[in-house]
Structure formats: C-alpha cells, structure tokens
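Chemist: Here are the chains, one letter per residue:
2 protein chains.
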Amino acid sequence: MKTVNIDLGDRSYQIRIADGLMHQSSELLPWVSGRQVVIITNEIVAPLYLQQVKESLQGKQIFEIILPDGEHIKTLQTAESIFDRLLGIPCDRKATLIALGGGVIGDMVGFAAACYQRGVAFIQIPTTLLAQVDSSVGGKTAVNHPRGKNMIGAFYQPVRVIADTRSLLTLDDRQFASGVAEVIKYGLINDIEFFEWLEKNIDRVMNKERDALGYIIECSCLNKARIVEQDERESGVRALLNLGHTFGHAIEAGFGYGKWLHGEAVAMGMVIAAQMSYQLGWLSETALLRTKSLIKKATLPTEPFAGLTKANMLDLMKLDKKVEDGNLKLILLEDIGKAVISSEYDHSVLHSTVDFFVID
Amino acid sequence: MKTVNIDLGDRSYQIRIADGLMHQSSELLPWVSGRQVVIITNEIVAPLYLQQVKESLQGKQIFEIILPDGEHIKTLQTAESIFDRLLGIPCDRKATLIALGGGVIGDMVGFAAACYQRGVAFIQIPTTLLAQVDSSVGGKTAVNHPRGKNMIGAFYQPVRVIADTRSLLTLDDRQFASGVAEVIKYGLINDIEFFEWLEKNIDRVMNKERDALGYIIECSCLNKARIVEQDERESGVRALLNLGHTFGHAIEAGFGYGKWLHGEAVAMGMVIAAQMSYQLGWLSETALLRTKSLIKKATLPTEPFAGLTKANMLDLMKLDKKVEDGNLKLILLEDIGKAVISSEYDHSVLHSTVDFFVID
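Taken in order, these protein sequences are the chains called A and B.
Mapping of the first sequence onto the numbering used here: position 179 corresponds to residue 835, and the numbering continues sequentially without gaps.
Mapping of the second sequence onto the numbering used here: position 352 corresponds to residue 1008, and the numbering continues sequentially without gaps.
Note that these hints are calculated values from the structure, not bench results.
In this text the structure is predicted, and so the values were computed from the model without any measurement.
Built from N, CA and C at the ideal position, the CB exists for glycine as well.
Pair by pair, the computed Cβ-Cβ distance ranges are: (1) B:G665 / A:P724: 39 to 45 Å; (2) B:S998 / A:S999: 54 to 60 Å; (3) A:K710 / B:I1015: 44 to 50 Å; (4) A:I848 / B:H679: 56 to 62 Å.
Same shape as in the complex, but just chain A (with noise of 0.2 Å):
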C-alpha cells in the first residue's frame, strides 16, 4: 500500500494506491460520514465495479446514478439532472457523493459535488490510469462549454482518493496511453529521474507490470502534489501542470470532445511545446528527440495532423484560460525537467510551430 498526502491545510486529503482497494471497506467507510452515499458512476465502468464498492459500503443507505460514457456527458445540463436526483431523494448536506470512473465522471461528480448545497463530501475511486495520475490531485472540477473544456467549475477537494491498481487491468490500450501522456509530463516539468525511470521501463509499463504501475502513479502524484501545495488555485506555479494543455485542448476542442482522447491531445500538445521550444532556442535538439522518442514509445501520437487550420487551431488556444489581458501564457521547456511558464516569446515561432504540425 503506498498513500501520498495531499496537504491543504483543512482541505488536506490522502491517496491511497493499492491492488483490490475496492474491496475494503475500511478504505471507504470511514470517509462516509452521513448515512447516505451517492456513486456515481457510467455505463462501461458500473458492470465492473459499482457491485463490489456497494458491498464495501454495507450499512449505508446507498443510492446510484449511472451515465452514459463519454466526455459529452460533461456538462451543466448533466449537473442539473445529477442536483434533480439527489433533491428528489432528498439527499441532505452531509451525504457524501462518489465519483467511480474516469476523469470525466471525477471532473462531473466533484463539480456537482462542489455545488450541491453549497458543497458535500466526495470520494474519488479513478479507474483509469488519467484520472489515478491527475485529476485525483489537486481538486480541479469542471463541465465543458461548447467555447472551451473546463470553462465551468470549481477547486473542490475530495475527503479521499482511492487509487485501485487493479482496475488499471479492464482499460483499453488506447486509455492506458492517454494515462501515460500525463505521467511522462511529470517528468518533463520537474523530475528528470523520473523522466529517465521512464525512459528505461516504459516497455514494463506499457506492459502493465503492477509494481510499475505503482511506482508510476505514486511519483506523478507526488509531483503533482508538490505543486499544488504551493499554489491551490493556480495563480502561479501550478500553470506547469498545464505543460501540453493549451495546444492539447485546442486539439480537442477542434474535433469535438472525445475524439481525440485527452492524453493523445496532451501527448501532441507537449510535442509541439517541445518543438516551439526548440526553434525558440530554448531546448536542445537531443532533449526534443527524447521527448518525442519516450511519447512515442507509449504509442502516443507525435507527428503532423490533418483536420484543423492554423486559424482555428489559433483561435482555440486564445479561449484558454491562461489567457490574461489578452496575453496567451504558454508552458515551454527549457530542458527535461525543467517547464516554464512564458507570455514572452515569439509569436512567428507560435505560428510557425503549429503551421507545421497542422496539415491544411
């Protein structure tokens, strides 16, 4: 059993990561504290798993909503039938909601989490490696708006986070990857030996080796809480996790949500972070080939695409929310293991960059 403590003060939590946590109750219970628990969870993810975090949930009276998948459930209209629900039950304020699935369903149930009376408790068990490396830290919840991802959400802490390697196993290989591309970005941000960790087992990791898969949800938390520590809401610091984001969501949003899979999106974006921070002179030719090499290797994509312009791929990335006065702050690299956040670069290289990875 590894945990990783997340320490924000009176919102301080732990992540727990461990083969079969589902199954114990004592990893749950006691972060139930009303009588009434809500999962909520999705099509594929409920035949599962929604029975055996029931049965570790006995003695509460427990209720379920199951969505369809996909990220186009992630929005206000599905926020407003999550509130009918829970007002029609009623479920009072100390009820606690758990959110089992994906990113999508930890981003929708912590949102409505956050709202519902003005805030309850919820409990994260992510099933997918995305969710286990990076929407369990750090308390960012959103729906989508048809103008951008995540425009509309909240920081909300969960009372507890359950990482269970085991439903790591049921993902497809397209998912896993995408859970991949957000762990490698650990390592180019800040951890050059977790970067290099990678370099030599990617092969085990792909492979689902569950002492590797451990150790590779352990560290990106870690990171990732690192930062968050520093800077809850992200007027700073924290942007760094945004490393691949803002052309990465460009990308999604471009092709309409769930197309490209999020960790595909940011696997692209950090590849054309790397590239524009090559031809800015900021990193060197072996650390972009590196880069591209590792994304790669976890069957990520990393080359030219077809289906957006320069202009829309442009006037996406202007929606984003790191986006001040008119000011596009975009994360560079300076060196693996060393992102930065940047307004001053220049803007024919933004241009150029993405003219070339965009194919008309």
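Given the coordinates of chain A, work out where chain B should sit on it, guided by the hints.
Modeler: The following block gives chain B in isolation, referenced to the frame of chain A:
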C-alpha cells in the same frame, strides 16, 4: 464613511458604507485587477445606477449584462446564459464581475463568478437594504432549484462590497421593510442592545434617516461578520443566521418564489420560531410580544396566513439544508439576543405551531 472588515484569511475583504459611494472611482477601480469588467444588473436597477458605475470604471473595458428582475431568474439556466456571454466576449480569468442590484443579483453573480473558469473576482454593489445587511457578508452564493431555494451554490467571497446608502432612497417600502427583517434578526440572535436600539428608533429607520441607515447596516454587518469569521462554511454556529429561514424558505417555496419577499417570509419565520420557542417554554411571553411588536412596527407580517397546508409546509421544511441524517435542526430563541440551534425539541410543538400559523 464606515468600514467593516471581514476577516477570512486570504479571502478577507472590506465592506464600505456611505452615501454616494457608487460615484467614487477610488472605491471601485483598485479592486478591478484585469482590464475587463462585466457589470451584471437587472432592468429595474440599470436605469438608476448603471451609468454612474460605468463612469466610476473609466479606463477599463466595460461590458454589461442586464437580466430581468425577480427571484425567478436565480436559476442554473441564467448562470448558463451568463457563461455564454462571458465566453462570447471572451472574458479571461483576470476579468472582474460586478453584481449591481439586490440579493438575487448578488447570489446569481456570485455563483457565476465562483464557477466561471473555476473562479474570477467579483465586487458586490448591493442596492437593497436586504442585500447590504445580509448577502454582503459571508460569501453565500446560489441559485434556486424547483425543489428548494439556494440548493445549488458555493461559498465564494467578493473582493469588495460597496454599500451606497443613497440607493435605499429609491427602494419601495415593501422591499425596504424586507431588509429591516434581517436587521431585526441580528438583534434577536445575539445583540440585545441593538434590538433595544431598534425598538427605540424603528420610526427613524422606517423614515430612512441617513444616520440611522448607516448605523443599522454597520451593526448588521458587524454582527454577521463576527459569526461568519468563526464558521465560514456553516458547520456550526453560522447556522444561527438562519433564524426564521427554515420556516421562511418553506413559505417562499410554497407560494412560489417572488410572491412573498424574502424578508417578509423571514419575518414571518422569526415570529413562528419565537412562538414555537414560547410554546416549548424556552422563551418568555414578554420576549415573544416584544419580538412580534417590533416586526409589526417594521410593517412586516406577523399573523397566521392562508394558502399553504400544514403538510405542505412541513414537507418543504424537510428539504432545508439544515436537515442532517433526517433530523431537522431549527434555530429557536431562549431570549432576545440569545438564539440556539437545536434538533432536541418536542416535534408535537413544531406541528402545533405550524398548524396555528397556517390557515387551511
């Protein structure tokens, strides 16, 4: 000029109280950190004050959203229409929202500010007495749901509150009295001196004498601040502020939002709470009569009313956010200036009291 400091760590802010504040750029501009500012108001308030607020914001990019008047707009749908507009501009995360209007505008804009891009700054310019003495302290923001008032919301603090007493002069008598209900509430909860001052000066208040207005707003905000500072997220003592509100919310919801003004329903709720406290043997007859008499002098309802059944009323009360694990906590009185939170009351007295006030 009076200033009330709301001390909530990194979420601290000041309430400024004086006549003509809206005209003063120096009271607004320093609190707008980005270049974009969006004033959100309604059809009634806009013709009265929008122009002067815009003049006080010269040099900024000013946008305006004018909503219809009334409690019926306090919905998730209106929040969505605000998000649509903000993203259409598009507003970035440095944008500041200004809530110019009464409690409905304050709650609505506060909630939109809490959720837009996971939180942007907002300034409150409350133009009703109710909003100046109540929603300006404590950061409760919310929208209504058909099943209950303020069921969807967030605790989210403004960066500044500007209470311009001049705006109360254009308020109609019913709206003004509705605010006085919340003022009386602070005396009842925890401040017998203030209650006694109100008994002596209620005519000056109802005549809107300027120094009386400044005094009741300051006293009310100080009283509320003292409680909120102890318990920002209402896990304990803050519930005292809901004196009269559990009954009041049931009345508002039962009749349909907007039929009774919020303060009218709270006034009636305080009378019901006082009567119930008297019948429980907790409150003296003298204190009950003084309470009813002051509320009546403020031209607020104190008598039994037709239009709801006892069953309606009790059902609606069960949806209150103070229900925890099936127990309804009520705010009751042991004396003037001494409110208590209790779920240890004789339920037959609750039933008989509601029965007395509801004329079937």
